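Residue-level listing of the chains:
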Amino acid sequence: MPGKAKAAVIGWGTSELSRKPGGTITDLAREAIENAVVAAGIDWPEIDGLILGQSDILERSALSATFRHSLDLGNLSLLTVSEAKGTTVLQAIQQASLAVHAGMARTVVCVFSDTPISAAASAGETFARPSRIMNVNGWEERYGCFGAIGAYALAASAYRARYGLDDEAFGHYAIACRKWAALNPRALFQENLTMDAYLAAPFIAEPLRLLDCAAPVNGAAAFIVSSIDAAPRAKAAPVFVHGFGQGHNKESALSALCNGGQTGAGPAAAKALAMAGVSHRDIGICQLYDAFSFSGLYALEAFGFFPPGEAPALVAAGETSPGGALPTNTGGGHLSGYYLQGATPLAEALVQARGSAGARQVEGNDLVFVSNSGGCLEYHATLVVSRHARLS
Amino acid sequence: MSDTMQSPAPMLPSEVFLQFIEASELRAPFVEERGEYLPYHEMDRVSNEDIDWRVCSGKGELAAMAVFHRRYSPDFDPPYNVALIKLDEGLLILSSVIGEPGALRTGARVCAAFPRAGHLVFELDAANRKEQP
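Line by line, the protein sequences give chains A and B.
Going by this note's numbering, 43 is the number at position 43 of the first sequence; the sequence numbering is gapless.
Going by this note's numbering, 488 is the number at position 96 of the second sequence; the sequence numbering is gapless.
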């Protein structure tokens, strides 16, 4: 049913987001939910669904169904734990939207909580487990291929080779994101970023430098998804969910990148846009999961907004920067804003769609495209959101 | 797959692959029924008895390379590289490449080597070195 929204996000909130150790998964989650409930202006008994987004770096038990007892909730008609690598948050919103659209629940809280930074380990160390590429026991350990960054650096290397890119290609992306962050008081890094400073940053896993990498935080975010008919009770203007999609292709993403193939990103975007009944040209703002500069560039192409191989030049020309034709990651994204996995792009999409982004508010905010991706571009989930309940 | 004491599980293709590597042999899993090689990361989907373990030429192309500049383990002194090689058989394999850093670029021809028993690496192909004086 293109034209009519499937669900509405009526409120959202975060816990404190911190680069320092502190806070437990459940304390942070509770804080975020409390803030979201206050923001939505609803009463606790109205909540009848709870979807717990589980970060894949945590123990399985970190956020389980028993967490519902630590909240002052009534009887629930939906309770589940969701985990799908970097796509967990958007998948939770999709599940909640399906549930309220089908009438299974009316008001579903989706929460995601993560603590990559501990007293014992920096975020870099937490994420530095052996990459899983070959599915052969101990193989990556033999070569010292550690962390998400190992796989992403290989992917970035293949992408550079395919299009003959130089060292500045990723830098332009990082700089474009920093320009947005300068307008966002909540962004972690707001100071001006020059190409010289970008190039002077040390390599972590070449071709990726320090400033090509996300800035993880400890924290949680909660989003309240409501049925359309119940949305008007919210205190502030709802943001409507019009389309959603996923794509997880048979060929591995690293293989696709090395062989000129496709990942599931394209189908995930096509599905969401078709469900909303809109096209790429209608999208005013993109909020992409860009844990590494390269993955933001790749996303712009793979989701179909820029032609293959052209994102680096278009980003360098300012297309995604403030004042550009396709404002992208307007809060600074994962690189300059903060990295709370899939919650980062969603939260900024909602702020922009509602028109409450302050100095960084984009005028053409009728339709916002949001993406989550995980497993080194293996898994993709997307949303199309709008402040309009109906799209004509 | 069963891990009970009574009936030992048959070896997984990835375990068989590792046995060949320990014997300093690079082999690729060919499935007669499909008439094609299985990607290494998917080989455990099939039963090992359906695999014809073909000896690889060892030749291929450097498809992607990451140079680690941080120390993640006491066993690896940075900088060191990790690479994806596209074998002439069409399979991608994760390994590392030996050679002058400046000469290691994507697209270069490489061939498999075992500088010590059971440790697979790739080195720049001799033919490749002639092309790049």
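Calculated directly from the structure, the hints in this document are not laboratory data.
Only a predicted model underlies this, so the values are computations on that prediction, with no experimental measurement involved.
Here a beta-carbon is modelled for each residue, glycine too, at the ideal position from N, C-alpha and C.
Hints are not guaranteed to be accurate.
Computed list of chain A residues with no C-beta within reach of chain B, every gap over 10 angstroms [as the list claims (entries may be wrong)]: (1) 30; (2) 104; (3) 106; (4) 119; (5) 141; (6) 161; (7) 167; (8) 196; (9) 200; (10) 207; (11) 230; (12) 258; (13) 325; (14) 354.
To be clear about the criterion: a stretch of chain B counts as covered by chain A if any three or more of its residues have a C-beta under 8 angstroms from a C-beta of chain A, and this derived list gives those stretches [unchecked claim]: (15) 400-409; (16) 426-436; (17) 439-449; (18) 454-467.
Least C-beta distance from residue 230(A) to chain B larger than 10 angstroms: 45 angstroms, holds
Residue 161(A) and chain B, when compared Cβ to Cβ, separated by more than 10 angstroms: Not fine: 4 angstroms to the nearest Cβ puts residue 161(A) too close to chain B.
Verdict on residue 106(A) as a residue remote from chain B, using beta-carbon distances over 10 angstroms: 42 angstroms, holds
Reported absence of residue 325(A) from the contact zone with chain B (all CB gaps over 10 angstroms): Given that every Cβ of chain B is farther than 10 angstroms from that of residue 325(A), nearest at about 31 angstroms, it holds.
Assertion that chain A covers the region 426-436 of chain B - criterion: three or more residues, beta-carbon distance below 8 angstroms: Since three or more residues must qualify, the claim that chain A covers the region 426-436 of chain B holds, with 6 doing so at under 8 angstroms.
Chain A over the region 400-409 of chain B, status - at least 3 residues with CB closer than 8 angstroms: Result for this restraint: holds, n = 3.
10 angstroms cut-off, C-beta based - residue 196(A) kept clear of every residue in chain B: 19 angstroms, holds
Closest CB of chain B to the CB of residue 258(A) still more than 10 angstroms away: At about 4 angstroms from chain B, residue 258(A) fails to clear the 10 angstroms cut-off, so the statement is violated.
Assertion that residue 354(A) lies outside the chain B interface [Cβ separation over 10 angstroms]: The assertion about residue 354(A) holds, with a minimum of 40 angstroms to chain B.
Given as non-interface: residue 119(A), which should sit over 10 angstroms from chain B by C-beta: At about 19 angstroms from chain B, residue 119(A) clears the 10 angstroms cut-off, so the statement holds.
Beyond 10 angstroms from every chain B Cβ - status for residue 141(A): 8 angstroms, violated
Chain B versus residue 104(A) - minimum CB to CB distance exceeding 10 angstroms, so not interface: Non-interface label stands for residue 104(A): nearest chain B Cβ at 35 angstroms, farther than 10 angstroms.
Going through the hint list in order, the structure does not satisfy hints 5, 6, 10, 12, 17.
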